[in-house]
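Novice: Sequence:
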Amino acid sequence: MINSIQKNRKWVISLSLVMLMVLGIFGSVSAAEFPKGETIPASQTIDDDAFISGDNVVIDGTVNGILFAAGKTVTINGTVNGDAILMGESVVVSDSAVINGNLFTGAAEIIVNGSVTGSVFGGSSAMKANGAIGRNLFYGGFSLTTGANSTVARDLYVGAYQSLLSGSIERDLKAESAAVELNGSVGRNAVINIGNVDEATNSAEAMSYNPWISKYVEEVKQPGLTISDQAAIGGQVTYTSSVDNSADLKAITAGTVVYQTPVPYETQTSAIPSQVKPFEKNMPARFAWGAALNVVRTFIKLFVLGALALWLLRKPFQKLADAAYKQPIKAMGWGFVIIAVGVLAMFIVPLVFIMIGVLVGFLSLGSLLFVWFGLVGATLSLAALLFFFAAFTLSKLIAAFVFGEWLMKVLFKQSNANVWLSLLVGVFLFVLIRAIPVFGWLVSLAASLIGTGAFWLAFANRKAQA
2 MINSIQKNRK WVISLSLVML MVLGIFGSVS AAEFPKGETI PASQTIDDDA FISGDNVVID
62 GTVNGILFAA GKTVTINGTV NGDAILMGES VVVSDSAVIN GNLFTGAAEI IVNGSVTGSV
122 FGGSSAMKAN GAIGRNLFYG GFSLTTGANS TVARDLYVGA YQSLLSGSIE RDLKAESAAV
182 ELNGSVGRNA VINIGNVDEA TNSAEAMSYN PWISKYVEEV KQPGLTISDQ AAIGGQVTYT
242 SSVDNSADLK AITAGTVVYQ TPVPYETQTS AIPSQVKPFE KNMPARFAWG AALNVVRTFI
302 KLFVLGALAL WLLRKPFQKL ADAAYKQPIK AMGWGFVIIA VGVLAMFIVP LVFIMIGVLV
362 GFLSLGSLLF VWFGLVGATL SLAALLFFFA AFTLSKLIAA FVFGEWLMKV LFKQSNANVW
422 LSLLVGVFLF VLIRAIPVFG WLVSLAASLI GTGAFWLAFA NRKAQA
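First residue of the sequence shown? That's 2 in the numbering used here, and the numbers climb one at a time after it.
A few of these clues could be false.
[Unchecked claim] Here are the simulated DSSO-like cross-link-like pairs (lysine-lysine), alpha carbons at most 30 Å apart as the crow flies:
hint : residue 1 : residue 2
1    : Lys302    : Lys316
2    : Lys216    : Lys175
3    : Lys302    : Lys320
4    : Lys331    : Lys320
5    : Lys222    : Lys73
6    : Lys320    : Lys251
7    : Lys302    : Lys331
8    : Lys316    : Lys331
9    : Lys222    : Lys316
10   : Lys327    : Lys316
11   : Lys175    : Lys251
12   : Lys327    : Lys410
13   : Lys327    : Lys464
14   : Lys216    : Lys73
15   : Lys320    : Lys464
For the record, the hints were derived by calculation from the structure and aren't laboratory data.
Whenever a hint applies, use it, and build me the whole structure from the sequences.
Specialist: Below, the structure written as structure tokens:
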């Protein structure tokens, strides 16, 4: 039992480090369910991640895992014990819905009336929230409306044309909006940036006649700040606008009000230098310092990744290193082929993807477009990221480890070289050589080719042994 706990702890720590260094977010998915049809009935419980799509997707049951849903309309009435990733023209989290995790959603219209224990990340033409959000609300779009019964347990961040805010925000509010209505409470501080009201007024009327906006937004508000008698702010307010409403804000604010005028566009552009500055005497020192920092960052990145590989995936990593060690020239050749094909695919695949998407939309009358451009598009994007990560980061790690192993065996005559010492010496010398102008670039290119080719050689060796 203790060994199991320690093993799980190792994986949690390791995956967390990889998330921060590579993509920011990584999830492990062992399997998934693909329910038939467009509905998960109330009587059904899925004990796994679930992928569902259709014209009118309805989730009445329970999903014990991550939910991926896409359709023209996506409605959640049941329970999701995990994160929910929802895409569609209209996404509705009804009053009865419970999402015990984070909600990631992109749609033309978003309605969140249920309970979300984590954070909500939304992008749309319009979003209406009248439910309970257990952490933060992040929104980018045209219009955000929070109802009187809505609660945000932490912070609200919004970038939109208009923000109509009622209900309760327990901590901080940060709003970048031309039109802001305050009808609720903010527990701590508020930062409100309205900008130049006169400039925004010129476009407000035109936006109200935009069919894409008027379909989902009931009313386009005039730019400016509107404060009701029910509004209250518990801390400091930092307010930026061409119109001074600081007196109204002081009446509802427990702390101080800091009023700022927006920076004119002419002032911003004038900061660009009109002439080339003379060469500074300390420029070489700055360049050397920057190069040294880059060496340190690269060393830490490669060594940590190598340590994780030796700690958790020693056998697969050692097979890759052995393949490159035994046939470095062959590995370099295959690496060139793989990278060339991969780069070429980066230009061809998007064109084919769009052409097939147009065909899918024509044959399905648009009902499968969200699935194609959403799920399939995300999968291809992830594959591209993994390819570049393997070809230009992992490959260098493999080559550096092989270089260290070669030094231990050939120069130091150690038949059974310590893998940790090989990693340390190889990575350290690699980052130093890589910092040399021109020659270092050539060494880095060779390392990428050898490391990338090692993947193919290891795969070919495994296939031959099978």
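Novice: Take the hints in turn and mark each one as holding or not.
Specialist: Comparing the hints with the structure gives:
| no. | hint | result |
| --- | --- | --- |
| 1 | Lys302 <-> Lys316 | holds, 21 Å |
| 2 | Lys216 <-> Lys175 | holds, 27 Å |
| 3 | Lys302 <-> Lys320 | holds, 22 Å |
| 4 | Lys331 <-> Lys320 | holds, 15 Å |
| 5 | Lys222 <-> Lys73 | holds, 28 Å |
| 6 | Lys320 <-> Lys251 | violated, 68 Å |
| 7 | Lys302 <-> Lys331 | holds, 27 Å |
| 8 | Lys316 <-> Lys331 | holds, 22 Å |
| 9 | Lys222 <-> Lys316 | violated, 62 Å |
| 10 | Lys327 <-> Lys316 | holds, 16 Å |
| 11 | Lys175 <-> Lys251 | holds, 18 Å |
| 12 | Lys327 <-> Lys410 | holds, 13 Å |
| 13 | Lys327 <-> Lys464 | holds, 17 Å |
| 14 | Lys216 <-> Lys73 | holds, 15 Å |
| 15 | Lys320 <-> Lys464 | holds, 13 Å |
Comparing the model with each earlier hint shows violations of hints 6 and 9; every other hint is respected.
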